[in-house]
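Let's have the full structure, built from the sequences with the hints guiding it.
Line by line, the protein sequences give chains A and B. Sequence positions in the first sequence follow UniProt numbering and run 1 to 310. Sequence positions in the second sequence follow UniProt numbering and run 1 to 282.
Hints are computed from structural coordinates only; laboratory data are not their basis. You can take every hint at face value.
Here are some of the chain B residues that sit facing chain A, going by a computed Cβ distance under 7 Å:
id : residue
1  : G10
2  : F11
3  : Y15
4  : L16
5  : F23
6  : F26
7  : L34
8  : K121
Computed list of chain B residues with no C-beta within reach of chain A, every gap over 10 Å:
id : residue
9  : E48
10 : L144
11 : G145
12 : S169
13 : Y183
14 : E185
15 : S200
16 : K203
17 : S211
18 : G276
Idealized CB from N, CA, C, for every residue including glycine.
Chain by chain, the residues:
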Amino acid sequence: MTMPYYASAEQVMRDRSEYARKGISRGRSVAVLTCADGVLLIAENPSSTLHKVGEIYDRIGFAAVGRYSEFESLRVAGVRLADVRGYSYNRRDVTGRVVANAYAQTLGSIFTEQMKPFEVELCVAEVGTTPEADQLYRLTFDGSVVDEPDFVVMGGQAEAVSTHLREHFRPGLPLREALAVGVAALSAVSASTQANGGAHTTLPAEQVEVAVLDRARPKRTFRRITGAALRALLAPAEASAAAPAEATGAAADETEPAAHLPSAPAPGTPPGLGDPAAPDTAGGTSPAHDPAQDTGTAPATDDPQPGAPA
Amino acid sequence: MSEQIAGRSGFTPAYLDRVGSSFTDFLGATAPDLLPGRRPVPAVPMGEMAPHGTTIVAATFDGGVLMGGDRRATMGNLISSRDIEKVYAADSWSVIGIAGAAGIAIEMVRLYQVELEHYEKIEGMTLSLDGKANRLAAMIRGNLGAAMQGLAVVPLFAGYDLDAAEGTSPGRIFSYDVTGGNYEERGYASVGSGSLFARSSLKKTWRPGLSADAATRSLVEALYDAADDDSATGGPDSVRRLYPILYRIDAEGAARLPDAEVAEIAASITADRSAGSANREA
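See the structure below:
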């Protein structure tokens, strides 16, 4: 004889979000940064065909972590939504907010209605005419949507990566420096760098997938940076990354406060669901650690650098 | 429409199906009323009531292909527009020129542009040039009903073949008929009411392996000749400063030639012909 099975709604939701978080935290990280030249999408991704970042529309890009088949079908749905809207109204009427809302509702209903939630975390990025007008929406597996300033980090080690970024990122960096900062942050947690027992000092060009929503382009702003172009952008950055990052960090000491404030969950989000303070989603509320060098040192080292911003 | 897409549950199942990378097929499944070929056509001939675009010419040159169109649209015996644009970039590597019912043709071009971009975004690569030409044929076939009522659309399609074999010309031209027949042309082609005269002109001025500048002149001259003999084709209009629209596609991609450049060529053709007439009189 079988016992009737009962689980409280609270328990079911908790189990589902734990399941989704586990799935997401196994993956490599993705960072989306605003910079002077546009919005930069960087993923640690050894595959050159199974993309983690993609184009949605003229000024809208997409980045994701988690299960490939799930975020790929969401990416395709986003492209379809944008194209149908742009075709039936006008290209200007397609905004990142519309796409982000559709994702939020889809993820939310899948989370509550289906047995297995989607193990994905998405970022919808829209490039504006100025860096202040850039929009970055972070969407979690349960459908909560957060509008983040400056940068979004997702994936397994999001907390460590955003701590690293919070120390080195400045608004309005040129593309090359923003790329150096982003790659250094991803390198700090990557299993393939020396700091974590791998072979490289920072992630090499073959291990990262980079795309930019180029502010200066007239129509379709999305462009992948691959092959020789990426190696050229990354190569001198290795030598110059530490210097400009320190220089701007010192210069900004008195002018600007911390570049990135921790985000808060969307109003009405139940505790525990998409909470940015949770260790395996992005955001986080822990106070800034000492700054680590850009050369791939893990941010967990405890000796403070002399002359670094507090 | 927005309710249907961004309703309470977000994307409808059709959006999340990972099948197909064609925008037209997707619209056919979710919003067929947006497709030009799916609307009922009135059962009376209405060709006289809708503006019609006229002459389009295209020619290959050494390293690419050119396409040009005059600026006139006619409605029966009236000129309905003097500055209509009938040649468009379909994507970075191809252009499309349209003759026939202007309203339907422009809608078709818009759909076609989205179709190519949509495929590119979903698949992460562009369609082959032959693939693009075939998609256009399918769209023309869908318009056959309207074509029978006098609303035919006949495009000319040209592109730069990124996969062209060594030693073959990368610039290729495709022409169509109202039933969707798709024919690759060799060297040059023209469609529209003035196409007979334009083709005769190209026959005399075009040679294989022309330079880009010589081929450009050859095209402008063909449009000049078409305007000379066909009342529905507009010639270069120096009073209103309206000149043919020309696109050049080469290894750099598709680009529209600046008006000033076309104006200069048109002026030189006019000057040459006036000089010819003066010589004959002398």
